[in-house]
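The chain contents come next:
2 protein chains.
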Amino acid sequence: MASSPRVKGFAHERELARRLWKEGFAVVRAPASGAKTKRVIYPDITAIYKKVVLVIEVKVFSKPRDAYIEERKIRRLVEFAERAGGKALVAIKFIGSGEWRLVDVKGLELTPSGYYRIPKSLIYGGIKLEELIERVKKGLEF
Amino acid sequence: MASSPRVKGFAHERELARRLWKEGFAVVRAPASGAKTKRVIYPDITAIYKKVVLVIEVKVFSKPRDAYIEERKIRRLVEFAERAGGKALVAIKFIGSGEWRLVDVKGLELTPSGYYRIPKSLIYGGIKLEELIERVKKGLEF
Numbered sequence: 228m229a230s231s232p233r234v235k236g237f238a239h240e241r242e243l244a245r246r247l248w249k250e251g252f253a254v255v256r257a258p259a260s261g262a263k264t265k266r267v268i269y270p271d272i273t274a275i276y277k278k279v280v281l282v283i284e285v286k287v288f289s290k291p292r293d294a295y296i297e298e299r300k301i302r303r304l305v306e307f308a309e310r311a312g313g314k315a316l317v318a319i320k321f322i323g324s325g326e327w328r329l330v331d332v333k334g335l336e337l338t339p340s341g342y343y344r345i346p347k348s349l350i351y352g353g354i355k356l357e358e359l360i361e362r363v364k365k366g367l368e369f
Numbered sequence: 228m229a230s231s232p233r234v235k236g237f238a239h240e241r242e243l244a245r246r247l248w249k250e251g252f253a254v255v256r257a258p259a260s261g262a263k264t265k266r267v268i269y270p271d272i273t274a275i276y277k278k279v280v281l282v283i284e285v286k287v288f289s290k291p292r293d294a295y296i297e298e299r300k301i302r303r304l305v306e307f308a309e310r311a312g313g314k315a316l317v318a319i320k321f322i323g324s325g326e327w328r329l330v331d332v333k334g335l336e337l338t339p340s341g342y343y344r345i346p347k348s349l350i351y352g353g354i355k356l357e358e359l360i361e362r363v364k365k366g367l368e369f
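Residue numbers (my numbering), protein chains in the order written: chain Z, 228 to 369; chain U, 228 to 369.
Isolated chain Z (complex conformation) (with noise of 0.2 Å):
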């Protein structure tokens, strides 16, 4: 039986929360999505390292090009991390290469459309998650 997408999309998840998690970081996966849960939108995942927390959505792909997310997930992520005092990031993951890379979502554009646009640009510009973790560990910016 073929897996669906966001099936596909919960294992990459997993994969990244456990990267962090063996790093030192605490980290929560947001709740499945169930009829209660639905109105509040967790972040995919939030990991805190010794104060520095990170508040980050995933995008897997499978071949390099723009992520668009939708508006109000934005919204919410960055309001998460005003909140928790952190950085909202979109996580990036190109299978194949199995590399991430992670993105600030200050300085994304809103299209017309209502969704937030990543170029590709924007992304292999993006810290890779080893130079991520070394920095926020080492309590450098990132």
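Calculated directly from the structure, the hints in this document are not laboratory data.
The reader is advised that the hints may include incorrect statements.
What the hints assert, rightly or not - Restricting the straight-line Cα-Cα distance to at most 25 Å, the calculated cross-link-like pairs of lysine to aspartate or glutamate (DMTMM-like) are:
1) 365/Z <-> 240/U
2) 277/U <-> 250/Z
3) 333/U <-> 357/U
4) 277/U <-> 309/Z
5) 249/Z <-> 242/U
6) 300/U <-> 242/Z
7) 314/Z <-> 250/U
8) 278/Z <-> 358/Z
9) 278/Z <-> 297/Z
10) 364/Z <-> 331/Z
11) 277/Z <-> 306/U
12) 278/Z <-> 368/Z
13) 300/Z <-> 242/U
14) 364/U <-> 293/U
15) 314/U <-> 306/Z
16) 278/Z <-> 293/U
17) 278/U <-> 361/U
18) 249/U <-> 306/Z
19) 333/U <-> 240/U
20) 300/Z <-> 240/U
21) 277/U <-> 297/U
22) 277/U <-> 326/Z
23) 278/U <-> 326/Z
24) 277/Z <-> 297/Z
25) 278/U <-> 250/Z
26) 355/Z <-> 331/Z
27) 365/U <-> 331/U
28) 278/U <-> 368/Z
29) 278/Z <-> 250/U
30) 365/Z <-> 336/Z
31) 278/Z <-> 326/U
32) 364/U <-> 298/U
33) 278/Z <-> 306/U
34) 347/Z <-> 331/U
35) 277/Z <-> 293/U
36) 277/Z <-> 326/U
37) 277/U <-> 306/Z
38) 300/U <-> 240/Z
With the hints as your guide, set chain U onto chain Z.
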């Protein structure tokens, strides 16, 4: 149809999560236990206010009594809080008065049967939810 104790517990967790959200905290509730999440023990509630992280286990009582919590739950709560640079707390609600008291897990006693005991006196000596929120928002110790 009567609700199960576990369902009732969730309702109180939700109440606490909503109050903290309303007060400006970023809040994540643990995913409902399912086959895939059982291996990982998440805190019932993780609440963050400008880098102050509260890692919370929720207990609900209908009458005053000592509370007992499994050793592995407390251990995970403490580990999670240490990673996050936050504080591990047990939030106790008294049905009836509706009052919440919070107790720091430091100073709890492990019983020979493998449970951490929170004596009634410690519960009543715990900080009230309203006071905790005020202190966190003012940047004071709690």
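Exercise. Hint numbers the structure violates, sorted upward?
Worked result: Checked against the structure, the hints that fail are numbers 1, 5, 9, 14, 16, 21, 22, 23, 24, 30, 31, 32, 34, 35, 36, while the rest are satisfied.
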